[in-house]
Amino acid sequence: MTLLFMDSFDHYDIGDILKKWTSGYGITISAGNGRNGTDALFLGGSGGREVLKTLSSSHTTLIVGFAVKFAAFTPFSSTFFYLIDMATEQVSLDINADGTISVKRGGAVLATSSESFQIDAWYFLEFKVLINNGAGTIDLRVNEISWISEVAQDTQQTANNSVNVIKFRGGTSVVSSYIDDLYVMNNSGAVNNDFIGDYRVEALLPNGAGNAAQWDRFPDTGEVNYEDVDENPADDDTTYTHQDGAGLPQLDTHLMDNLVTTAGLVAGVQTLLDARKDDAGAVTCQPVFRQGGADHVQSNFNLGDNYLYHQEIVESDPDTAAPWTIAGINSVEFGYRRSA
Numbered sequence: 567m568t569l570l571f572m573d574s575f576d577h578y579d580i581g582d583i584l585k586k587w588t589s590g591y592g593i594t595i596s597a598g599n600g601r602n603g604t605d606a607l608f609l610g611g612s613g614g615r616e617v618l619k620t621l622s623s624s625h626t627t628l629i630v631g632f633a634v635k636f637a638a639f640t641p642f643s644s645t646f647f648y649l650i651d652m653a654t655e656q657v658s659l660d661i662n663a664d665g666t667i668s669v670k671r672g673g674a675v676l677a678t679s680s681e682s683f684q685i686d687a688w689y690f691l692e693f694k695v696l697i698n699n700g701a702g703t704i705d706l707r708v709n710e711i712s713w714i715s716e717v718a719q720d721t722q723q724t725a726n727n728s729v730n731v732i733k734f735r736g737g738t739s740v741v742s743s744y745i746d747d748l749y750v751m752n753n754s755g756a757v758n759n760d761f762i763g764d765y766r767v768e769a770l771l772p773n774g775a776g777n778a779a780q781w782d783r784f785p786d787t788g789e790v791n792y793e794d795v796d797e798n799p800a801d802d803d804t805t806y807t808h809q810d811g812a813g814l815p816q817l818d819t820h821l822m823d824n825l826v827t828t829a830g831l832v833a834g835v836q837t838l839l840d841a842r843k844d845d846a847g848a849v850t851c852q853p854v855f856r857q858g859g860a861d862h863v864q865s866n867f868n869l870g871d872n873y874l875y876h877q878e879i880v881e882s883d884p885d886t887a888a889p890w891t892i893a894g895i896n897s898v899e900f901g902y903r904r905s906a
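Taking our numbering as reference, the numbering of the sequence shown is continuous, increasing by one, and the terminal residue is 906.
Calculated from the structure, these hints are not laboratory results. Here the structure is a predicted model, which means the values were calculated and not measured. Do not take every clue at face value.
[What the hints assert, rightly or not] Below, a list of computed lysine-lysine pairs in the DSS-like style, where the Cα atoms sit at most 27 Å apart:
(1) K585 with K843
(2) K586 with K843
(3) K619 with K694
(4) K619 with K585
(5) K619 with K586
Work out the full structure: start from the sequences and follow the hints.
Next comes the structure, spelled out in structure tokens:
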């Protein structure tokens, strides 16, 4: 597993951001202002703005890709992205008043690009860092062209040669920016372990009845199961499917939207199940792909009392064990199973 996290910013509104991110304040989901006419994360306006994601483990090497559009520059260097160890910054990206970009460790500049960004234009940025006291490396690519590449760097600010948090920042005293099509990877495993280039992250929702509909419905006024789980953003307790624990395991699968993308490679799929339990005791569920006439059950997760996006990355088609294809994505059913 090398793909760690993705976000299209197209499947939730700002009130639900903590279902997926660890913390955030002052940010907005900007409807229609993403780089493909979808939504984007916006960090701007009066006061400070930031959003932070704690990864499930620490990583010595991290690769982060995202689309960025700067709405305005400040008259001074402004930090807009951080790689963090626990609560302390290891390295960061600063946009300078002239549109060039600098990589910093703490307050020390490690490198500055000769190329520069323009305001109100989308760029795809890839940032790869090896955390080390003296043998660290930094690589920055913009639109798949190298802007910064340095070796033998001190990229380690803390006692640990790793990072486990990413953070975006913006606001009045910081550069205002739009962020879209985010992915995070490490360098382990056989795939997605180095630069993969400019990717679009798409949010796909249920759009039809699949093979199984074993869960009950609410409000159950004549709708079919997928119609209670296809809202964008999720409407939580307004419409939903539910399972009371009788006759387990119980399964729902749904037809899904097709990808807008029609050509190219698929790096992976991130499943997101917005779910909670309504009583004491353990409730165990799993994401399920139905492909090739078979149900492919994924990893267990236990529900809490509040709605939360339960996330899992799947980098290969479970029916073929080969990398996902666009045709494979467009033919899969997706759903969920309660087993306990």
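Consistency of the hints with the structure:
Between K585 and K843 the alpha-carbon distance is near 15 Å, which keeps this suggested pair within the 27 Å criterion. Distance hint between K586 and K843 is fulfilled; the C-alpha atoms sit about 18 Å from each other, no more than 27 Å. Our distance criterion of 27 Å between C-alpha atoms is met by K619 and K694, whose separation comes to about 17 Å. Our distance criterion of 27 Å between C-alpha atoms is met by K619 and K585, whose separation comes to about 11 Å.
Under the criterion of a C-alpha separation no larger than 27 Å, the hint pairing K619 with K586 is consistent with the structure, at around 8 Å.
The structure shown violates none of the earlier numbered hints.
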